[in-house]
Amino acid sequence: MSSEPQSGAVAEADQPRSTKGHRRGRRVAKASSQGKWASMLVAPSLILLAIVIVYPVTNAVIMSFQKDAGLNNATGTFVSGGFAGLENYKHWLLQQCTDLNGATVPCPPGTLGAQFWSAMSTTFFFTVVTVVLETALGFGMAVIMSRAFRGRSLLRASVLVPWAIPTAVTAKLFFFIFAFEGIANKLFGTSILWTGSDGPARWAIIIADVWKTTPFMALLILAGLQIIPEDVYEAARVDGVTAWQRLIHITLPLVRPALMVAILFRTLDALRMYDLPAIMTGGSNNTTTLSILVVDQIREGFNSAAALSTITFVTIFLVAFIFVRFLGVNAVETTTAIKKGKA
Amino acid sequence: MSAATATRAATAEPPVKSRSRNRHRGALARTYLGAAVIVLWCLLPAYWMVVTSFRQVGYTFDTTPWFTRITLDNYATAFSTNLGNHFGHALVNSLIIATCTTVVALLVGVSAAYALARLNFRAKFLVLGFILAASMFPGVALVTPLFQLFTNLNWIGTYQALIIPDISFVLPLSIYILVSFFREMPWELEESARIDGCTKSQAFRKIIMPLAAPGIFTTAILAFIASWNEFLIASQLSNDATQPVTVAIASFTGSQPHQEPYTAVMAAGTIVTIPLVIMVLLFQRQIVAGLTAGAVK
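Listed in order, the protein sequences are those of chains R and Z.
With the working numbering as the guide, the letters of the first sequence map in order to residues 1 to 343.
With the working numbering as the guide, the letters of the second sequence map in order to residues 344 to 640.
Hints should not be assumed to be uniformly reliable.
Unchecked claim - From the derived model, a few chain R residues whose C-beta atoms are all more than 10 Å from chain Z:
(1) Gln96
(2) Val129
(3) Gln245
(4) Ile248
(5) Ile250
(6) Thr251
(7) Arg325
As the list claims (entries may be wrong) - Here are the simulated distance ranges between beta carbons:
(8) R:Leu193 with Z:Ser423: 26 to 32 Å
(9) R:Pro229 with Z:Met552: 32 to 38 Å
(10) R:Leu93 with Z:Arg373: 49 to 55 Å
Claimed, not checked - In silico DSS-like pairs for lysine-lysine, Cα to Cα no more than 27 Å straight-line:
(11) R:Lys67 with R:Lys90
(12) Z:Lys549 with R:Lys36
(13) Z:Lys543 with R:Lys36
What the hints contain is simulated information worked out from the structure, not anything from laboratory work.
Backbone N, C-alpha and C define an ideal beta-carbon position, used for all residues, glycine too.
This is chain R alone, in the form it adopts within the complex (with noise of 0.2 Å):
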């Protein structure tokens, strides 16, 4: 029972791989002999996915063209349920709100609906920033790992001690860090309200991140070091290469795919980032993310959260979709698969 939706499948992606002619018939035959078994181990595991992302993913969507019924926070007057097109979505998107008369306004300032705009730039501020440090940053310390020196297992191990951390304790630690009366303030001789203030509780956010998330860069990227033969940097050297040149011509061009991929997997978790600044500013001082405003307007109503919730997996996607179709993301083997899926 559970193969059939599965053979399904089958079928439609079956296209892309048959018709490379290069595949030896023994191979098909195999292949085909192999499906059955295949499916029933791969069964639990697709039904599971469905039930905890397919289903309550498809009831978002089906949630986000629906109204809130109850009380409109911002007006005032009831609104009953019902069917409501693009509503909730003209709501964020185009920041429309009803006011007291039913006609449609802009979303008064202080509302969750004006929030909208900043809360994406604000997110993506924090990934372009946090990315970018975090790539230079874990390319330094990558570099400086793949070398051979002794001591280097202590190094590798700490590295390994901020990305064990759970994030909340991280957030927690440098809530007190960036405490008023904290040791950064004491250590710089400052006196910045850091998690209180506009610019500072995005850049303490930011340095929490960078603190935490920069090890997992570094090892991503010291796998895709490690794989570069060792002979082509000696005959560089042979040639006389100097070690600038050896970075940009070699090593950059070599690492590339590895670093791509770390890259887009730092990206995705960043566009997704709610536990820093949930806990250090709880979203005040322009840290709010597209996160904390879904999770701030669950208890405004359901619907409305479920389109944002909806436009942030969107937007998730289409980063996603822009970084394996134009910048050639295709280390992961499974990463040029999904393009396959699609074509």
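On the provided structure of chain R, position chain Z as indicated by the hints.
Chain Z only, in chain R's frame:
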């Protein structure tokens, strides 16, 4: 290794041996300097958390860089329930949630990963793509529908309300890591077992599973950590009875309103972190292999 580098440098520029040795020494010094900066940058904040967790409350903002004014009070405060915190209970909750999630994800994920790594079947790339897409899925997109669904089912405050969402990201992650471990295994042994008369499922259980155990174990650690560290979904779908440690720490209250109980929070943070750090240091090599799995293929 360093000797080899020296020799290489020497053969590259035979006439100026001493210069190359100097340059090598300079490079080594720079490496050590860089390594020292990285180690300090990674460890100092964590060290500061541990130092503060052992410091008397009155000296919370003391900047003495080593252990002074040592006390265990903060640990007592962290576990105390007088102020409405349930840290001890939250630890148990996290343990239950993360263990259940890991067990379910591995039970289901191992067979899927085996099929994806080993078998030729037609929808393979479609399934892999779906799993990769699932692992990129933002948790926040699940919170809204699940909040409503679990409210309707009266599940808010149950463990399944926290385990089910965790599976949504732990299962794809586990499958992804397992696939790359399984691809590296000596599968010729499976063929030999089949020739010796094992059935496919016997070969899987008797030959492959023992060989796969290290990879599965590493995946289990990474799955456990991923679930243990989850905050967003848990903060919305748990209540006092089921809240995991991440939520408990984030909402820690002190004796004075609006006054953060820093030292107690640092103690709680240390307790949550220590087991993870020990696990990570013990299985460092495997974890790095697991983390970077699939990134370079």
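Structure-based check of all given hints:
no.: 1; hint: Gln96; verdict: 20 Å, holds
no.: 2; hint: Val129; verdict: 18 Å, holds
no.: 3; hint: Gln245; verdict: 15 Å, holds
no.: 4; hint: Ile248; verdict: 18 Å, holds
no.: 5; hint: Ile250; verdict: 16 Å, holds
no.: 6; hint: Thr251; verdict: 14 Å, holds
no.: 7; hint: Arg325; verdict: 14 Å, holds
no.: 8; hint: R:Leu193 with Z:Ser423: 26 to 32 Å; verdict: 30 Å, holds
no.: 9; hint: R:Pro229 with Z:Met552: 32 to 38 Å; verdict: 35 Å, holds
no.: 10; hint: R:Leu93 with Z:Arg373: 49 to 55 Å; verdict: 51 Å, holds
no.: 11; hint: R:Lys67 with R:Lys90; verdict: 12 Å, holds
no.: 12; hint: Z:Lys549 with R:Lys36; verdict: 22 Å, holds
no.: 13; hint: Z:Lys543 with R:Lys36; verdict: 13 Å, holds
Hint compliance for this structure: no hint is broken.
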